[in-house]
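Asks: These are the residues of each chain, in order.
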Amino acid sequence: MLELRKVSFTADEDGTANEIIRDLDLTIEDNQFVVITGPNGGGKSTLAKLVAGIKQLTAGQILFNGEDITEKSITERARMGIGFAFQQPVRFKGLTVLDLLRIAAGKTLSVSEACRYLSEVGLCAKDYISREVNASLSGGELKRIEIATVLARDVQLALFDEPEAGIDLWSFNNLIRIFEKMREHEAGRTILVISHQERILNIADRIVVLADGKVVKQGSREEILPTLIGTDYAQTACEKII
Amino acid sequence: MKQMDEVQKRLIREVADLHDIPEGAYNFRANGESVGRQTTANIDITTKTERSGIDIRIKDGTKKESVHIPVVLSQSGLQETVYNDFYIGKDCDVLIVAGCGIDNCGNQDSRHDGVHRFFVGKGSHVRYVEKHYGSGDGAGRRILNPVTEVYMEEGSTMEMEMVQIKGVDSTERTTLAELAADAKLIVRERLMTHGQQTAGSVYKVSLNGDGASADVVSRSVARDTSFQKFDACIIGNAACTGHTECDSIIMDSGRILAVPSLEANNIDAALVHEAAIGKIAGEQLIKLMTLGLTEAEAEEQIINGFLK
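Chains A and B, in that order, give the protein sequences. Note that the first sequence covers residues 2 to 243 in the working numbering. Note that the second sequence covers residues 907 to 1214 in the working numbering.
It cannot be assumed that every hint is accurate.
[Unchecked claim] What follows is a list of derived Cβ distance ranges for each label pair:
#  : chain 1 : residue 1 : chain 2 : residue 2 : range
1  : B       : 1182      : A       : 227       : 33 to 39 Å
2  : A       : 6         : B       : 1045      : 29 to 35 Å
3  : B       : 991       : A       : 171       : 55 to 61 Å
4  : B       : 1165      : A       : 113       : 43 to 49 Å
5  : B       : 1184      : A       : 228       : 33 to 39 Å
6  : A       : 23        : B       : 1182      : 51 to 57 Å
7  : B       : 1161      : A       : 220       : 38 to 44 Å
8  : B       : 993       : A       : 123       : 40 to 46 Å
9  : A       : 120       : B       : 1203      : 46 to 52 Å
10 : A       : 120       : B       : 1130      : 40 to 46 Å
[To be verified] Mimicking DSS-like on lysine-lysine, the simulated pairs with C-alpha atoms at most 25 Å apart in a straight line are:
#  : chain 1 : residue 1 : chain 2 : residue 2
11 : B       : 1135      : A       : 127
12 : B       : 1110      : B       : 915
13 : B       : 1214      : B       : 1090
14 : A       : 94        : A       : 7
15 : B       : 1072      : A       : 94
16 : B       : 969       : B       : 996
17 : B       : 1135      : B       : 1028
18 : B       : 969       : A       : 94
19 : B       : 954       : B       : 1072
20 : B       : 915       : B       : 996
21 : A       : 108       : B       : 1214
22 : B       : 969       : B       : 915
23 : B       : 1028      : B       : 1072
24 : B       : 1185      : B       : 1090
25 : B       : 1072      : B       : 1037
26 : B       : 1214      : A       : 56
27 : B       : 915       : B       : 965
28 : B       : 1185      : A       : 94
29 : B       : 1214      : B       : 1037
30 : A       : 94        : B       : 965
31 : B       : 996       : A       : 94
32 : B       : 1072      : B       : 1090
Note that these hints are calculated values from the structure, not bench results. Idealized CB from N, CA, C, for every residue including glycine.
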């Protein structure tokens, strides 16, 4: 279980303090597929980064499985079972897809094991396994490899920061299928996705709406989604592209 | 073959990946003298008479054979210049592994300057691997100044892999190449310097025949207060293609000067150069930390991948 207690985060932007998350309380139960939506600038991505330890909160507390992780480093949180998929996947000169999957798995992964993770994200493994994770890969390919690294880690809590960002419509449709599949097959794992895509909201157990750094609405999909349809909080894929 | 001591054996392992006597032709040089040599029906190795060094002659049509010529220095203060000439016949396909390891535990500088000349015959393919390695904790410096000259006949290909990852205090590397029509030169240089080391690498590649091509790529890492200079010039004298790239990571107070240059003397010469220097991106470290690595482990993975 993930608990955020009275969490605040203030960013220093050119000498001006900008409060992005304000006194936020949120509990995410185990084995749920939770989507956090809300307007741009509402603090969604910041929240995911605070949970992963990439940003440090200015006040409050984060508990993971009852343990206070507020002061723990990115590495410690990762080792406790928190995974994070970046909105803009990072490129590495020289590191191959296999290298990255091996680092993620934390062990010597056989090529066939690595291939399994790539197949899960819809990539033909033999074409990608020895490719460098560099600029020669497209946005959609990088995004899938990013998701594969989270799958390879076998985490308890997987955070996905706007997985639909920066990819084309065709890749987006594939991406939705990956999440749907993950949703069906991944028991024992909590998935937290930052997104305002209607199709991702559509597969959520719970939806949290974040605006101005606060939770303004949360509940089951049945409860929340109808109130979001037609707003910026639940966009269709084509709206996103336009 | 004369017996080598443990230090020398370790150096041989580092520079030539050799754990035992290799198959094919070889010449081992330790502390200024030849300690072992083998020739084959197609590859002859003879000692030069006029100056220090060897001549390696490879017969026309020699395929799938290798030559190893590692050099090790374990005696502090030893300074030498060695001239090795490779005469590669027509239509050959061979692997040549050179390399120098210096272990200096004393207070005097140890230096090995290897001057290698390659005459690559028509249609031949040569893969050349050269590794440099230094060890020992003496105050004496470990110095290597290799000079490589490559003369390539029509349709020949030379792939050069030059690696210097550890322990050499000072290097001035000079590589000159002249390519005839349809000859192809591929260079992959990997370099890491640390402490107060300095390393210079100069390339001058002349593409003299139509269809000649060169691809010179250097990846390097400068740590601590070390300094590197990469100076690559490709000269297009015919309808040719040339590409040079220097990609570097700087860490701590490391410094790098990259001077790629191109000279086109023919209207159909197509030449490109690229150079990029920067520190490890913070987001790369963060990504690997979210996969469970510590910052130091993440740094090591990034450097290892970059220099692979």
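Asks: Next step is simple, just say for each hint if it's right about the structure.
Replies: Outcome of the hint check:
no. : hint                       : in the structure
1   : B:1182 - A:227: 33 to 39 Å : violated (51 Å)
2   : A:6 - B:1045: 29 to 35 Å   : violated (59 Å)
3   : B:991 - A:171: 55 to 61 Å  : holds (58 Å)
4   : B:1165 - A:113: 43 to 49 Å : holds (46 Å)
5   : B:1184 - A:228: 33 to 39 Å : violated (47 Å)
6   : A:23 - B:1182: 51 to 57 Å  : violated (41 Å)
7   : B:1161 - A:220: 38 to 44 Å : violated (58 Å)
8   : B:993 - A:123: 40 to 46 Å  : violated (54 Å)
9   : A:120 - B:1203: 46 to 52 Å : violated (28 Å)
10  : A:120 - B:1130: 40 to 46 Å : holds (44 Å)
11  : B:1135 - A:127             : violated (39 Å)
12  : B:1110 - B:915             : violated (34 Å)
13  : B:1214 - B:1090            : holds (23 Å)
14  : A:94 - A:7                 : violated (40 Å)
15  : B:1072 - A:94              : holds (21 Å)
16  : B:969 - B:996              : holds (10 Å)
17  : B:1135 - B:1028            : violated (34 Å)
18  : B:969 - A:94               : violated (34 Å)
19  : B:954 - B:1072             : violated (31 Å)
20  : B:915 - B:996              : violated (34 Å)
21  : A:108 - B:1214             : holds (20 Å)
22  : B:969 - B:915              : violated (29 Å)
23  : B:1028 - B:1072            : violated (36 Å)
24  : B:1185 - B:1090            : violated (33 Å)
25  : B:1072 - B:1037            : holds (10 Å)
26  : B:1214 - A:56              : violated (32 Å)
27  : B:915 - B:965              : violated (30 Å)
28  : B:1185 - A:94              : holds (13 Å)
29  : B:1214 - B:1037            : holds (13 Å)
30  : A:94 - B:965               : violated (40 Å)
31  : B:996 - A:94               : violated (37 Å)
32  : B:1072 - B:1090            : violated (30 Å)
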